[in-house]
Amino acid sequence: MPIGLVLRRLAWAAPTLVGVLVVVFSLLRLAPGDPVAMMIGPGATQDDIRTLRALYGLDRSLPEQFALYARDVLAGDLGRSISLKENVGSLVAERLPMTLELAALALLVATAMGLVAALAAALWRGRWPERAIDAVTGFVTAIPDFLWALAGILAFGVLLPVLPVFGLLDADLAFTASSGFVVLESLARGRLDVTASALEHLLMPALALALPLAAMVARVLKASLLDAMAQDWATIARVKGFSRRQVLLRHALRNALSPALTLTGVQLTFLIGGTVLIERIFGLPGIGSMAIDAVINRDLPLIQGIVLTFAALFVVVNLLVDLANAWLDPRQRSR
Amino acid sequence: MSLSPRAWFGIAVSLLLAACAVGAPWLAPHDPLEQDLLASSLPPAWAADGEARFLFGTDSLGRDILSRLVWGARPALIVAVAGALLAGVVGTFLGLAAGFFGGWWDAVVSRLVDVWMSFPAVLLAIVLVAVIGTGLWSVVIAIALIDWTRFARVVRAEAMQQSRLNYVVAARTIGLSRAATLAREVLPNVLPLLLTLVTLEMGIAVVVEAILSFVGLSVSSDMPTWGGLIQEGRLYVNQTPWLLGLPVVALALAVLGFNALGDGLRESLDPVVAR
Chain A
61 MPIGLVLRRL AWAAPTLVGV LVVVFSLLRL APGDPVAMMI GPGATQDDIR TLRALYGLDR
121 SLPEQFALYA RDVLAGDLGR SISLKENVGS LVAERLPMTL ELAALALLVA TAMGLVAALA
181 AALWRGRWPE RAIDAVTGFV TAIPDFLWAL AGILAFGVLL PVLPVFGLLD ADLAFTASSG
241 FVVLESLARG RLDVTASALE HLLMPALALA LPLAAMVARV LKASLLDAMA QDWATIARVK
301 GFSRRQVLLR HALRNALSPA LTLTGVQLTF LIGGTVLIER IFGLPGIGSM AIDAVINRDL
361 PLIQGIVLTF AALFVVVNLL VDLANAWLDP RQRSR
Chain B
3 MSLSPRAWFG IAVSLLLAAC AVGAPWLAPH DPLEQDLLAS SLPPAWAADG EARFLFGTDS
63 LGRDILSRLV WGARPALIVA VAGALLAGVV GTFLGLAAGF FGGWWDAVVS RLVDVWMSFP
123 AVLLAIVLVA VIGTGLWSVV IAIALIDWTR FARVVRAEAM QQSRLNYVVA ARTIGLSRAA
183 TLAREVLPNV LPLLLTLVTL EMGIAVVVEA ILSFVGLSVS SDMPTWGGLI QEGRLYVNQT
243 PWLLGLPVVA LALAVLGFNA LGDGLRESLD PVVAR
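Chains as they are written, first to last, in the working numbering: chain A, 61 to 395; chain B, 3 to 277.
So that you can see chain B by itself, here it is in the shape it has in the complex:
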């Protein structure tokens, strides 16, 4: 099984992000909260009046942007992984039940999905965080509460299709209960699909976290997040455009990386596409 260049790109970006998130204390050249008012609003080092010790420049309080970006990978990755997994668990459970059991399970879940999709996701996220309270785990819960529908819809369709296949009939014939058939036979067959969906959802979750910190509803403002950097950057866009540009690039890279990873996984896990 050989991986496409896109898949390698996805793996590289994910590893880089993980390295930053785990190794932030050692990788970041400065304390992300340390202010140096004598060195405020410096451009990146390669610009005419940049300074070598601040590779990506500083913000209006003289904090090192590179260090803040590296530390910002931590909440981004936590939310991406935990949010996507939680959304995946909730959505898969409901989707499997709806698709495999049908009947009123299907009626209730389908209707719930319909109602859920009638709210704009961003607005729902903002309102949810306002209800649950701010903080990293609220963001994770909000993402799960919003995006479970993505999993539920796809898994429901897949489970419906699988439930008509012979192996399911065989499992039932040898005496497995419906729940056991679902857990032991159907679930393993939808796992590759789920893995792809989770990876794609990670790309969405990073953006949601950034949006919430941009609006000021994520973690507290002294903890560096990409969305927080973007918000500061938007405010002073004419004075320090790099303060906006750098986190935007970081976020775009993360989104593209997770997408590439998801597509790469699909290519190598799906026997039909892999041929």
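Chain A on its own, in the form it takes in the complex:
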């Protein structure tokens, strides 16, 4: 991959990150209410309040506060949580791995489901499986992940109780992942009972996140598969005696993947954003559920840290998706 392209994309991402920093900073300065007044008990003296304001830098001018804030963030210091009395950076580092595992699992489920549905629809084109898949994908895309999560809880947690609907692990399992990646670390340490329990707990949240994306992937991939199958080379392959399934799997699929991959990349950030609410609904201890608690507790440094983490994650994901696209599709490299 040409290094110039990488640099260009990086140069494009940098101002966005600065903008994000400005928005995060100003958003919470606009919040009514004095965060210090909420931190401190009613018996505090004026001196106590002044000391605390100085400690958080709240006694300086806004530009000064922003400069200090930007300097700290760039140095990796996200400040101290007011409600949890801990370093925001380490709180985020503790919680982020679970969110990443959930998002990765959801991405895996979404692409697998989308791929299978698209191939099935293209293979049985014009017959009832295609019509059924079209109808289902249309319906699935229209309903947001929030409602799929709740419907999943009702269906597989209550009516047909086969899956757990709260928490990350069974209560009787004692396991602390020092890296935070419970699934990966339990796998590496050979605690397969923990892996199984975690996957069981993550399955429904991941499905809820995955469903809308899976339906979109299915629709786009099916369209480009049918396009590919209408090309001359596909007809020639059929004339040479290859079955429709062989042409579809061996030739058409590879040619049709690019638009679906682009879509997956674009939608990946929505999927990551969806974890905030999904974690809340399923009681999962990720960064998203911590974000909602932080808002309810009006914990400004923690909110800032989490919003910033998500934004940075989005910018990085978009960057990687762009680069992956350029790498996969030679036509984009020259641009």
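FYI, nobody ran anything at the bench for these hints, they're computed from the structure. Cβ atoms here follow ideal geometry from the backbone N, Cα and C, with glycine treated the same way. Hints may contain errors.
What the hints assert, rightly or not - The following residues of chain B were derived to be distant from chain A, with all beta-carbon distances above 10 angstroms:
| hint | residue |
| --- | --- |
| 1 | W10 |
| 2 | A23 |
| 3 | G25 |
| 4 | P34 |
| 5 | W48 |
| 6 | A50 |
| 7 | D51 |
| 8 | A54 |
| 9 | D116 |
| 10 | Q163 |
| 11 | I176 |
| 12 | I213 |
| 13 | R236 |
| 14 | N261 |
Claimed, not checked - Simulated restraints on C-beta separations:
| hint | chain 1 | residue 1 | chain 2 | residue 2 | range |
| --- | --- | --- | --- | --- | --- |
| 15 | A | W188 | B | L63 | 43 to 51 angstroms |
| 16 | A | A256 | B | W107 | 29 to 37 angstroms |
| 17 | A | N385 | B | N168 | 33 to 41 angstroms |
| 18 | B | S4 | A | L259 | 45 to 53 angstroms |
| 19 | B | S4 | A | G301 | 45 to 53 angstroms |
| 20 | A | P75 | B | V171 | 33 to 41 angstroms |
| 21 | A | D119 | B | W107 | 33 to 41 angstroms |
| 22 | B | L29 | A | P221 | 29 to 37 angstroms |
| 23 | A | Q125 | B | V110 | 22 to 30 angstroms |
| 24 | A | A234 | B | N240 | 23 to 31 angstroms |
| 25 | B | G25 | A | W387 | 57 to 65 angstroms |
| 26 | A | V218 | B | W28 | 31 to 39 angstroms |
Given chain A, work out where chain B should sit, using these hints.
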């Protein structure tokens, strides 16, 4: 011009929702806040131990769920209409300016959209409401502040395309200023697109309102909202699953209805699709 069955479904759902929102005091069989502890956690009337006077059952405080659902249509519809319109106005203004004027307008708006899209929408909504304060109008403002980008992106592309067409050149030639051309000539041409976008946005706005009440950041808890019902339902899902199921169905119906209405409008307003 004939409407598709999907469009009729959208119209029917929208009318039903509007009827509930406007006529809640007359349609709801009970006071939505009235507690009847002797009749708490009743299942819907068709279940074995349901009671006929509570068609959809009651919650843990003995409040009638049907009445709460009907009253919940009111905040849902207010947020859907007002939120979508406000987001539409802000996004259209910026999108038109960026697409038609180009130059630094385009640079600023495009960059703003980029920055905005770097935040997860749900998180942004929650943080915004925490900043502006809770309440129905805060939710409306939050929705406009988050989802203006949807309008800005589409309208920008459309305005760019339109600005190269002959009618724009003609309007400029007869002496209309750029702003007047934009307002009098280009805007009417993007209106059908806007109408569709607003309808689709209504589906999104209802869900955002439900999410915010689910998290406890929308209107005060004594006013019945679908999200509030969902939150109670999630809490007692094993005891009273219908308390979760019914508002989920109501919300899904509203989303599907607004989507169908948007698609139906696009089909009948867009001459290319309508053929």
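Consistency of the hints with the structure:
no., hint, in the structure
1, W10, "holds (17 angstroms)"
2, A23, "holds (20 angstroms)"
3, G25, "holds (26 angstroms)"
4, P34, "holds (21 angstroms)"
5, W48, "holds (16 angstroms)"
6, A50, "holds (16 angstroms)"
7, D51, "holds (17 angstroms)"
8, A54, "holds (24 angstroms)"
9, D116, "violated (5 angstroms)"
10, Q163, "holds (21 angstroms)"
11, I176, "holds (39 angstroms)"
12, I213, "violated (6 angstroms)"
13, R236, "violated (7 angstroms)"
14, N261, "violated (5 angstroms)"
15, W188/A x L63/B: 43 to 51 angstroms, "holds (48 angstroms)"
16, A256/A x W107/B: 29 to 37 angstroms, "violated (56 angstroms)"
17, N385/A x N168/B: 33 to 41 angstroms, "holds (36 angstroms)"
18, S4/B x L259/A: 45 to 53 angstroms, "holds (51 angstroms)"
19, S4/B x G301/A: 45 to 53 angstroms, "holds (47 angstroms)"
20, P75/A x V171/B: 33 to 41 angstroms, "holds (34 angstroms)"
21, D119/A x W107/B: 33 to 41 angstroms, "holds (39 angstroms)"
22, L29/B x P221/A: 29 to 37 angstroms, "holds (35 angstroms)"
23, Q125/A x V110/B: 22 to 30 angstroms, "holds (25 angstroms)"
24, A234/A x N240/B: 23 to 31 angstroms, "holds (26 angstroms)"
25, G25/B x W387/A: 57 to 65 angstroms, "holds (59 angstroms)"
26, V218/A x W28/B: 31 to 39 angstroms, "holds (34 angstroms)"
The structure fails to meet hints 9, 12, 13, 14 and 16 from the earlier list, while all remaining hints are met.
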